[in-house]
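Heads up: the protein sequence lines correspond to chains A and B, in order.
1 is the number of the first residue of the first sequence in my numbering; add one for each residue after it.
1001 is the number of the first residue of the second sequence in my numbering; add one for each residue after it.
Keep in mind that the hints were calculated from the coordinates and are not lab data.
Keep in mind it's a predicted model, so treat the numbers as computed, not measured.
Please note: incorrect hints may appear among the correct ones.
[What the hints assert, rightly or not] Simulated crosslink set (DMTMM-like; lysine to aspartate or glutamate; CA at most 20 Å straight-line):
hint	chain 1	residue 1	chain 2	residue 2
1	A	K41	B	E1231
2	B	K1050	B	D1011
3	B	K1275	A	E374
4	A	K268	B	D1021
5	A	K41	A	D153
6	A	K123	A	D108
7	B	K1275	A	D210
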Amino acid sequence: MTDTTLASLDADTLRLFTDSVQRYGQDKYGFDTYRSSLRAKPYFSAQAWRDYADMGWLGAALPLDEGGFASDGRAIVALMRYAGEHLALEPLLASAVLAGRLLALCGDGAALSRLSEMAGGRKLFALAHVESAGDAFDGPVRSSYREGRLYGDKQVVLHGDVADDLIVSACESRVTGSLSSTDGGQPALSLYVVDTTHPAVRRTVYRLLDGRGAASFNFDGAPATLLGPLGKGRPLLAQALLDARLGLCAESHGAIRALNRLTLAYLKERRQFGRPIGMNQALQHRMVELYMLEQEAAAVIGAAERAADLAGPQRERAVMGAVAHTITAGRLVSHEAVQMHGGIGTTDELAVGHYFKRIMVINRLLGDRDAHLEAFAKAE
Amino acid sequence: MTDSSVRRAVDPQAFREEVRDFALTLPGDLRHKVMNNLKLEKADYVSYLKVLEARGWIVGHWPAAYGGCDWTPLQRFIFEEETSEAGAPWLIPFGVNYVGPILYTFGSQSQKDRFLPRIRSSEDWWAQGYSEPGAGSDLAGLRTRAVRDGDHYVVTGQKIWTTYVQWADWIFCLVRTRQEDRPQKGISFLLIDMKSPGITIRPIITMDMCHDVNEVFFDEVRVPVENLVGEEGGGWTYAKVLLSNERVLVAEVGRSTRQLRRLDKLAAETSRNGKPLRDYGPFARRLAELKLRHFVLQSTCYQAVAEAMAGNEPGAEASLMKIRGSELQQDIAEAMVDALGLAGIVYDAADLAEMGHTPAEGPFEAPGILKDHLHGRAATIYGGSNEIQRNIIAKLALGL
Ligand SMILES: Cc1cc2nc3c(=O)[nH]c(=O)nc-3n(C[C@H](O)[C@H](O)[C@H](O)COP(=O)(O)OP(=O)(O)OC[C@H]3O[C@@H](n4cnc5c(N)ncnc54)[C@H](O)[C@@H]3O)c2cc1C
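Using the sequences plus the hints, can you model the full thing?
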C-alpha cells in the first residue's frame, strides 16, 4: 500500500468521524442537555460520556495503531469544535485529548495499559501540572518523587473532581541536578500516574466558572508510577500540550461560531425604534468584525492542523499563533454578543452568558494570550 | 434671587477633607464587603443610608427647602468620588437621586409631604419601573397600560430588569395612559405601592449567578389617581430630567480609583512565573494604559463639573462620561481577572455571600473580582446603552 491510499482511507474515516460528531451534537446535545447536566453531579452527562466511548470518540487523540483517529490533529479539532459549539461538559479535553496524547507519547507498558481504559471510557484521567493558581500555566514545579512516592501540591486540575487517575509532573531527586541545564534552567521533570482514591491523596473539589468540575490536590507520599522515560516530562508535556492547544482553539472556534449565529439572528429579530436593531450600521460593522474573526479563527486552525508534519518550531509557531488569535477572537465575540443582546444577554437563561463564561475559561486554561503571543514570536 | 447666589461659598478642599474623614467612620464590615465585591443585602445598603442620614448628607444635593444641603455640583461630585473611593456601598439611587428630585420638582404638595420624608429616612425602598421586554433602548415604545376608572388607574402590563424590586415598598413607573400620534406623548409617571394586589415579581438570575434584577407583572393593579405625578401625559418629560440626572454620576470615577488601587495591589502581590506581576512587561503596560484612561476620565469629569458650576446645561458630555466611565470600569475588571491567573476561572457565587468565606482556590478577593467582571458587562447596557449614548453625541454635539 502506498502513502496515497493510506491518506485517502484516512480522509474517509475522518469524514465519517466528523459527520458523526456533528450529527450527535445536533440530535443529542442541545442547550437543555447542557443545562440539566450542569445541575447534577458529576456536572456532565454520564450518558453522553458512555455514548462517546461507544462511538470511539475517545480515541480522537490516539494514533491509528492504538485504535485511534489521529494521524494528525484533525480528529481532535472535530471533537473539540463539537465541545465548544454545544458547551459539552464531559472531560473531552482533559481525558481524551490531553491525557490521551500524553499516554500515547509515553508509550511504555504503564501508559499503554491505561490508554485502553481511557479510550473505553472506563477510567477518567486528568493532568495535574500547575502548582500556583496565580501563574498563567507553565510556572515552576516543586512536587517531588522519592522512592515510589509523590509529594507536593497541584492546583486547578480540570476535571480533577472526577478523575480516577492523575498524570502528575514532578521532579525526581536523582535527575534534578544532572539535567537542569538542558531544561532551560528548570529542573527536569518526569511524569507519574497516581490513583486519586489513595488515602495519601487529598483532593479539594470545586467548580470552574463555566460549571465544569475541577480540583486541587495534595500528595503526601502517594504511590506513583513513572510514565515514559525518566527526566523527559517537559518535552513530553510540551508536545501533548501542543495537541491540547490545538483542541482548545477548536473548542473556542465552536463557541465563537455558535455565538455569532445567536448574535446575528438576534440582530435580525430584535426590533427597537420600529425596525430590527441590525438595520443600524453601527451594529452591522461590528457584526462584520465578529464574522471576520470567526473566519480567521477557522483559517489559523487549518494552518495549525497542516503544520502537524512540520519541524518542531514551525508547528509550535502555528499552534501558538492559532491560540493567540482565537483568544482575541473569542474575547471580542463574547463581549459583543452580550452587548448586542442588551439586558437579555446578561442573563443565565440565555445561552449567550454560558458561552461567555466558557470562553473566559478557554482563554486562560492553558495560559493567557500574552504567554501564547510570546511563544509564537520565540518559535520563529 | 437665583438658586446659586444663596449658596455659601465652599472651599472644595475643606469639603473633600470633611468627606474623607466621614468615610473613615463607615462600619468596617460594610467596607470589607464593598472592597471585596461581596454580596450586599438590603440591610447593608440601608445601614449606609442610615449613616448618611445621621451625618445629614443623605440628600445633600437636594435644596435645603426639602431637607437637603444645597450642595453645588462640585460638592456632589466630590462626595461621590471620595465615598466610592473609600469603599462606601453603591448609594441606592432610586429614592434619593431619581424619584425624590422628580417629586420635589413636579409633584403635588401632598406627594412631597408624603414621600420625601420617607425617602430621607430610608423608610421606603424605591424601584425604577421603566424598561419593558419590548421597550429597552426605545423606551417610548412601552406598552404597560393605565386606564382611568373613577378615582383609580388600572395598570396592566410588564416591566423588566427592575433592580432590587424584590426589596421595594414602592415603584415609580412609566405607563401609557393614552394612544397618541407620538408615542412619547401618551406616557404618564405613576407611583405604585408594591403591596397592591395584582403585582407579581419573577426573579432573573444573571450570569454572575446573582439575583439583582426582576420581571414585574401588573395584572389590573388599582392605583389611586393621587399617585399620578404632574400632568397626565407628562411622564416622558419628567423621565428625561431624571435620565440626565442619572448620567452625571455614571462615570463612577471614584469607584474606578478604588478598583485601580486594588489592581495595583494585586499586581504587586501576585507572582507570575516567579516574578511580581507588575514587573511583567505586558501587564505593566496595561496597568499604565488603564491609569492614563482614568486620568483622562477624571479630567473630563472635572471639566463637566466646572460647566455645571457655571450654570450651563449638561449636553453631550454626560454621554461621553457614561461611555468612557463604563468602558474603563469593564477593562479594569477584566485586568483584575487576568491578574488572578488560573484562579480567575474558579467561581462559586456562594463565596460572595459570607464574610470570611474562603474560596476553594486563589486569593480571598477572587470571587468578588469575577462577580465584578461578569456583572460589569451590564454597565455598557443599562442607563442608556453605549450605542445609544453615541447616537446622542452624534446628534447633539455633531448634528449628524
Ligand atoms: C443589570 C441591569 C439593571 C437594570 N436596571 C433597571 C432598572 O432598575 N429599571 C429599569 O427600568 N431598567 C433597568 N435596566 C434596563 C436597561 O435600561 C435596558 O437594558 C437598556 O435600556 C437596554 O435595553 P434592552 O436591554 O432592551 O436592549 P435593546 O434596546 O434591545 O438593545 C440591544 C442592543 O441593540 C443596541 N441598539 C438598540 N438600538 C440601537 C440603535 N438605534 N443604534 C445602535 N444600536 C442600538 C443596543 O445598544 C444593544 O446593544 C437594567 C438593565 C440591566 C442589564
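20 Å limit on alpha-carbon distance, applied to hinted pair A:K41 and A:D153: Measuring from Cα to Cα gives roughly 25 Å; hence the hint is violated.
Agreement of B:K1050 and B:D1011 with the hint, judged by alpha carbon distance not exceeding 20 Å: Violated, at roughly 26 Å.
Satisfaction of hint between A:E374 and B:K1275, Cα-Cα up to 20 Å: holds, 16 Å
Given hint A:D210 paired with B:K1275 - CA-CA distance at most 20 Å: violated, 29 Å
Restraint status (C-alpha distance of A:K41 to B:E1231 at most 20 Å): The hint is violated at about 57 Å.
20 Å limit on alpha-carbon distance, applied to hinted pair A:K123 and A:D108: Judged against 20 Å, a Cα distance of about 18 Å means the pair holds.
20 Å Cα cutoff - pair A:K268, B:D1021: Answer violated: A:K268 to B:D1021 is near 53 Å, above 20 Å.
The structure fails to meet hints 1, 2, 4, 5 and 7 from the earlier list, while all remaining hints are met.
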